[in-house]
Amino acid sequence: MAAAAHAARGARAAAAAALLLGCCGAALASGVQVQAEQFFKSGHTNNWAVLVCTSRFWFNYRHVANTLSVYRSVKRLGIPDSHIVLMLADDMACNPRNPKPATVFSHKNMELNVYGDDVEVDYRGYEVTVENFLRVLTGRIPPSTPRSKRLLSDDRSNILIYMTGHGGNGFLKFQDSEEITNVELADAFEQMWQKRRYNELLFIIDTCQGASMYERFYSPNIIALASSQVGEDSLSHQPDLGIGVHLMDRYTFYMLEFLEEVHPASQTNMNDL
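With mature numbering (1 follows the signal peptide of the UniProt record, and there is no 0) applied, the sequence shown covers -29 to -1, 1 to 244.
Treat the hints loosely; a few may be bogus.
[Stated by the list, open to error] Distance condition first, Cα-Cα at most 20 Å in a straight line; then the derived DMTMM-like pairs of lysine to aspartate or glutamate:
| # | residue 1 | residue 2 |
| --- | --- | --- |
| 1 | Lys46 | Asp211 |
| 2 | Lys46 | Glu91 |
| 3 | Lys46 | Glu228 |
| 4 | Lys120 | Asp62 |
| 5 | Lys144 | Glu98 |
| 6 | Lys71 | Asp88 |
| 7 | Lys120 | Asp89 |
| 8 | Lys71 | Asp89 |
| 9 | Lys71 | Asp211 |
[Stated by the list, open to error] Simulated DEER-style distance windows between Cβ atoms:
| # | residue 1 | residue 2 | range |
| --- | --- | --- | --- |
| 10 | Pro114 | Gln238 | 36 to 46 Å |
| 11 | Ser148 | Pro114 | 40 to 50 Å |
| 12 | Glu228 | Gly49 | 30 to 40 Å |
| 13 | Lys166 | Lys71 | 27 to 37 Å |
| 14 | Leu105 | Thr74 | 43 to 53 Å |
| 15 | Glu186 | Pro114 | 15 to 25 Å |
| 16 | Thr116 | Leu212 | 37 to 47 Å |
| 17 | Gly202 | Ser148 | 24 to 34 Å |
| 18 | Asp52 | Ala73 | 16 to 26 Å |
If you're looking for bench data, these hints aren't it; they were derived computationally from the structure. No experiment lies behind these values; they were computed from the predicted model shown. Each residue gets a CB set at the ideal place from its N, CA and C atoms; glycine is no exception.
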């Protein structure tokens, strides 16, 4: 029953992600259907994604795999690397414990390497900090910063922000050394709105007590989804005895399982779940 519940939750998140990419229509339960339709009714000219893994160390392999799997899906659905900011706090592909060097797998059948030749990591290792993340969102970046490290969005941009790592009530840890709070995140999104840096924003977070990270949001045109409620854990998935860790988190796994059935011209919507 627990697995089914998480599968359903993941599928709902996946549908919302597909909506942002223009792959799904806006349709929700009757109480919020009109609001959701209005949210997705306005036109936009470009899509962006900011994908963040905040964890280091081998036992957090699944967080890197989560992020790389979302990266693969948004690219397949039409967002190019030039419109993706990918932040990975650790390099699992080159970890000495990896029995299959230069690879990261998201499924225990080991058929799909999500760390392929076409992966472009924009921030890696100790570059993945709370400060750099907030600078990316708000555009407060030194002039010398390369274009690939910038979120060059505008008021016609729909943005997916996906985050995964270890968190608690009102915070998400970065590399076990610092935290971003839900207040800091809410204020960053408000700065983005005031600076006309987004049209619509979809925020997805896979962490323990994930819903607490959007409790303080107060800016318009944001839909937020989390893998867990306040006081609830986010569950790992796909244990692999060969490498000794879980390969993904359950929420992201089922979200991506749904997205794999979606193509760029799809008319799939949330009523099809």
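Hint check:
no.: 1; hint: Lys46 x Asp211; result: violated, 27 Å
no.: 2; hint: Lys46 x Glu91; result: holds, 11 Å
no.: 3; hint: Lys46 x Glu228; result: holds, 15 Å
no.: 4; hint: Lys120 x Asp62; result: holds, 18 Å
no.: 5; hint: Lys144 x Glu98; result: holds, 14 Å
no.: 6; hint: Lys71 x Asp88; result: holds, 15 Å
no.: 7; hint: Lys120 x Asp89; result: holds, 17 Å
no.: 8; hint: Lys71 x Asp89; result: holds, 18 Å
no.: 9; hint: Lys71 x Asp211; result: holds, 13 Å
no.: 10; hint: Pro114 x Gln238: 36 to 46 Å; result: holds, 43 Å
no.: 11; hint: Ser148 x Pro114: 40 to 50 Å; result: violated, 28 Å
no.: 12; hint: Glu228 x Gly49: 30 to 40 Å; result: violated, 19 Å
no.: 13; hint: Lys166 x Lys71: 27 to 37 Å; result: violated, 43 Å
no.: 14; hint: Leu105 x Thr74: 43 to 53 Å; result: violated, 32 Å
no.: 15; hint: Glu186 x Pro114: 15 to 25 Å; result: violated, 35 Å
no.: 16; hint: Thr116 x Leu212: 37 to 47 Å; result: holds, 43 Å
no.: 17; hint: Gly202 x Ser148: 24 to 34 Å; result: holds, 25 Å
no.: 18; hint: Asp52 x Ala73: 16 to 26 Å; result: holds, 19 Å
Figure legend: structure checked against the earlier numbered hints; hints not met, in rising order: 1, 11, 12, 13, 14 and 15.
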